[in-house]
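Protein chains: 2
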Amino acid sequence: MKPIIIVAAIALAAAAPAKKLLTPSDIVAAAPPGAWRTISPDDLLVMDLKNGGRVVIQLAPEFAPVHVANIKALARGSYWAGASIYRVQDNYVAQWGLNESDKPWPAGVTPKPPAEYTRPLKGLRIKPLGFPDPYAPGAGFVDGWPVAYSSRGGWADLTHCYGYVGVGRDLSPDTGTGGELYATIGHAPRHLDRNIAVVGRVIDGIDQLSSLPRGTEALGFYKDKAQNVPIADIRLASAMAPADRPSYEYMDTMSPTFAAYLRVRANRKDDFYIRPAGGVDLCNVQVPVRRKG
Amino acid sequence: MKPIIIVAAIALAAAAPAKKLLTPSDIVAAAPPGAWRTISPDDLLVMDLKNGGRVVIQLAPEFAPVHVANIKALARGSYWAGASIYRVQDNYVAQWGLNESDKPWPAGVTPKPPAEYTRPLKGLRIKPLGFPDPYAPGAGFVDGWPVAYSSRGGWADLTHCYGYVGVGRDLSPDTGTGGELYATIGHAPRHLDRNIAVVGRVIDGIDQLSSLPRGTEALGFYKDKAQNVPIADIRLASAMAPADRPSYEYMDTMSPTFAAYLRVRANRKDDFYIRPAGGVDLCNVQVPVRRKG
Numbered sequence: 067m068k069p070i071i072i073v074a075a076i077a078l079a080a081a082a083p084a085k086k087l088l089t090p091s092d093i094v095a096a097a098p099p100g101a102w103r104t105i106s107p108d109d110l111l112v113m114d115l116k117n118g119g120r121v122v123i124q125l126a127p128e129f130a131p132v133h134v135a136n137i138k139a140l141a142r143g144s145y146w147a148g149a150s151i152y153r154v155q156d157n158y159v160a161q162w163g164l165n166e167s168d169k170p171w172p173a174g175v176t177p178k179p180p181a182e183y184t185r186p187l188k189g190l191r192i193k194p195l196g197f198p199d200p201y202a203p204g205a206g207f208v209d210g211w212p213v214a215y216s217s218r219g220g221w222a223d224l225t226h227c228y229g230y231v232g233v234g235r236d237l238s239p240d241t242g243t244g245g246e247l248y249a250t251i252g253h254a255p256r257h258l259d260r261n262i263a264v265v266g267r268v269i270d271g272i273d274q275l276s277s278l279p280r281g282t283e284a285l286g287f288y289k290d291k292a293q294n295v296p297i298a299d300i301r302l303a304s305a306m307a308p309a310d311r312p313s314y315e316y317m318d319t320m321s322p323t324f325a326a327y328l329r330v331r332a333n334r335k336d337d338f339y340i341r342p343a344g345g346v347d348l349c350n351v352q353v354p355v356r357r358k359g
Numbered sequence: 067m068k069p070i071i072i073v074a075a076i077a078l079a080a081a082a083p084a085k086k087l088l089t090p091s092d093i094v095a096a097a098p099p100g101a102w103r104t105i106s107p108d109d110l111l112v113m114d115l116k117n118g119g120r121v122v123i124q125l126a127p128e129f130a131p132v133h134v135a136n137i138k139a140l141a142r143g144s145y146w147a148g149a150s151i152y153r154v155q156d157n158y159v160a161q162w163g164l165n166e167s168d169k170p171w172p173a174g175v176t177p178k179p180p181a182e183y184t185r186p187l188k189g190l191r192i193k194p195l196g197f198p199d200p201y202a203p204g205a206g207f208v209d210g211w212p213v214a215y216s217s218r219g220g221w222a223d224l225t226h227c228y229g230y231v232g233v234g235r236d237l238s239p240d241t242g243t244g245g246e247l248y249a250t251i252g253h254a255p256r257h258l259d260r261n262i263a264v265v266g267r268v269i270d271g272i273d274q275l276s277s278l279p280r281g282t283e284a285l286g287f288y289k290d291k292a293q294n295v296p297i298a299d300i301r302l303a304s305a306m307a308p309a310d311r312p313s314y315e316y317m318d319t320m321s322p323t324f325a326a327y328l329r330v331r332a333n334r335k336d337d338f339y340i341r342p343a344g345g346v347d348l349c350n351v352q353v354p355v356r357r358k359g
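So the protein lines, in turn, are chains A and B.
Each number in my numbering comes from the position in the first sequence (counting from 1) with 66 added on.
Each number in my numbering comes from the position in the second sequence (counting from 1) with 66 added on.
For reference, chain A alone in the conformation it holds in the complex (with noise of 0.2 Å):
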C-alpha cells in the first residue's frame, strides 16, 4: 500500500522518541471545548436527495444578509419542491434548483435583492492568513469564514474556496434571488469573488455532489432531464423536529487552536513532508467543522 498522504497520527518509531510532529487532523482532535462554536440549527441549511444523499449548508447571513434571507423563505415556503441538481461542470460548480420555472416567490422573498457581493469591513475582526492573495490585498478569517478584503476600499467578501455556495445569477447582477444555487467542486474559482453573493458552504455531503457525473451539455448542464439529480427536500435545520436535527460546530478563527492549525497548514512537518511549504493559500487552510454529538 502506498498512500500518498498520512492525514492521521503516525505512531513513531521506538528509535525516534523525540518531538511528535502534529498534523492538522491532531490540532483539530486535541482542541478544547472553548475552541468550538456552535452552528444555529437556523442557519444550517439540509438538503435531502431522492437517491438518499444528504447536503448540508452552513449560511452565512452576516455576509449576504437579503440572499440568506430569501434562501430561508424559500425553504420555509416549501419552494423548493421537485427541484433537482440539473448542472455539474466539472472543476467548477454543481448547480441545483428549479431552473427555468415561473414559480410564484413564496412570502418574504425580495425578487432582486441587493449585489450583496462584498460587506463593509468596519465591525470585523479579522484573522490574517499571513501569506500574500493573489486576488486581494488581504485576506484571513472572520467568526469561521474565509474572508478577502481590501483595509484602503473597506471591503471585505467571502471568498470561493471548495464546498462554498454562491446565487446562480444571469447576466443582469440583479437576477439572482436564491431559487438557483450553486457549490464549487473543483480548484477554487476565486475569479467569481466580488461578482456573486456567496452564502455559505457545504458542510456535510460533498461528495453528493463532487461525484455526480459531469454534464456533457455548454456548462456542464445535463443534456438528458432524465439525468436531472431529484431534489427529495431542502428544509432549515430549525424546521426539522429537535430529534432529528443535526447539529455541527466550527473552529473559532480567533482561538490559540486555529493560530496552531494555520500555522502548521503552511509548514507540514509530519513524517510524510521532507520540504514545508513556508506558506498556505487561503482555500488550502479549511476552517475545521464538525458534527455535533
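What the hints contain is simulated information worked out from the structure, not anything from laboratory work.
This one's a predicted model, so the numbers in the text were calculated from it and none came from an experiment.
Hints may contain errors.
One copy or two, either will do: identical chains are not told apart, so a pair holds if it fits within one copy or between any two.
[Said to hold, decoys possible] Below, a list of computed lysine to aspartate or glutamate pairs in the DMTMM-like style, where the Cα atoms sit at most 25 Å apart:
hint: 1; residue 1: Lys116; residue 2: Asp156
hint: 2; residue 1: Lys289; residue 2: Asp92
hint: 3; residue 1: Lys178; residue 2: Asp236
hint: 4; residue 1: Lys291; residue 2: Glu166
hint: 5; residue 1: Lys335; residue 2: Asp236
hint: 6; residue 1: Lys358; residue 2: Asp108
hint: 7; residue 1: Lys178; residue 2: Glu166
Model the placement of chain B on the given structure of chain A, informed by the hints.
Frame of chain A; chain B shown alone:
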C-alpha cells in the same frame, strides 16, 4: 435558466456595438497555429477503463526524467495488467495501480529513483505569472507547464494543480517507483509540491476520475475491493497503431497569445463580470490543451 458563468462568446446586444470584451475561451479559439505545440506521442499515456472511459495523461520528462522513464517502462512491460483505481478521496486525489502488489518490475525500471521533486532552474525559460504565490518565491510557466521556483535557491518544480499526476510513495522518499499514480481532483494541494514527484497532467477525461464515488475508508480507499474501478489497458500513444492514436497540442506559454490569455484570466471583463479580480493564482490559469484533428 440561470447559468452562473458564460464561458463561450456572447453576442453583444445591438445597443452596445462597442469593443467586444474577450473571454479566455475567445482567445484560445482565435489563437494562430503558431501558438500551439504538438505533444509527442511518446509523452502521452493512454489509460482505458473497463467501463469504457478514457483518461489521457501528458508526461513531463523534463521535470522527473527517471520517474517518467519508469512509467514508460511500466507501460511497455504491461505492468498494469489487472490494475484498478482503488482510492478516491474527496477534494484530494484519485489513485490507481496494483496496490500492495509484489509483481516484479519490468525491464528498464529503476526501483528507487532519485527524489525528483525539484529540478534546476538553470536553463528554463519562464513566463512569470506576475502575481504573488503563497507557496514559492516565484511562479510562472515553462514550456506549457505551471511551475513554482526560487531564483535564490536555483530550483523549479512542477506544481500540484487540478488534474496533475504524481507518483504515490510511502513515508520514505525513495519508495515511489511509478507503479502507483494519483491525479488531483480538488483544490490544488500545493503543500505536496517539492515533496512528491509530479510526472504530468490529465489532458483528457479527468471527469472519469473526479466523478467516481469517494472511498469510505481512511484516505479514501475503497472499503470493498469490488468497488475498485478496473483498468483495461495503460499504454503510450506511440505504442498504438497510428490510426488509433489520439493527438493533442498545448499552447506555447511564451507566445503572445498566451500572454493575452493570462491577462484576461486575471482580469475578466466580459459581460458576466462586474469587478475583475486584478490577479489570478497559478492553478487557475490552466494552460490550454486541445485535441488535434
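Worksheet entry | Alpha-carbon proximity context of Lys289 and Asp92, limit 25 Å | between (45 Å within a copy, 24 Å between copies)
Worksheet item: Using 25 Å as the alpha-carbon threshold, which applies to Lys358 and Asp108: within, between, both, or neither?
Response: The answer is within: 16 Å in one copy meets 25 Å, while 52 Å across copies does not.
Discussion item. With identical chains, the pair Lys291 and Glu166 could be close in the same copy or across copies; at 25 Å between alpha carbons, which is it: within, between, both, or neither?
Written reply: Only inside one copy: Lys291 and Glu166 sit 12 Å apart there, 42 Å across copies, limit 25 Å.
Worksheet item: 25 Å Cα cut-off: does Lys178 pair with Glu166 within a copy, between copies, both or neither?
Response: within (17 Å within a copy, 57 Å between copies)
Practice prompt. If the cutoff is 25 Å on CA atoms, where do Lys116 and Asp156 land: within, between, both or neither? Let me know, please.
Written response: Both: 22 Å inside a copy, 22 Å across copies.
Discussion item. Within a copy, between copies, both or neither: which one fits Lys335 and Asp236 at a CA-CA cutoff of 25 Å?
Written reply: This pair counts as between: shortest inter-copy Cα distance 15 Å, intra-copy 46 Å.
Practice prompt. Could you place Lys178 and Asp236 in one of the four classes (within, between, both, neither) given a Cα distance threshold of 25 Å?
Written response: The answer is within: 12 Å in one copy meets 25 Å, while 54 Å across copies does not.
Checked against the numbered hints above, the structure violates none of them.
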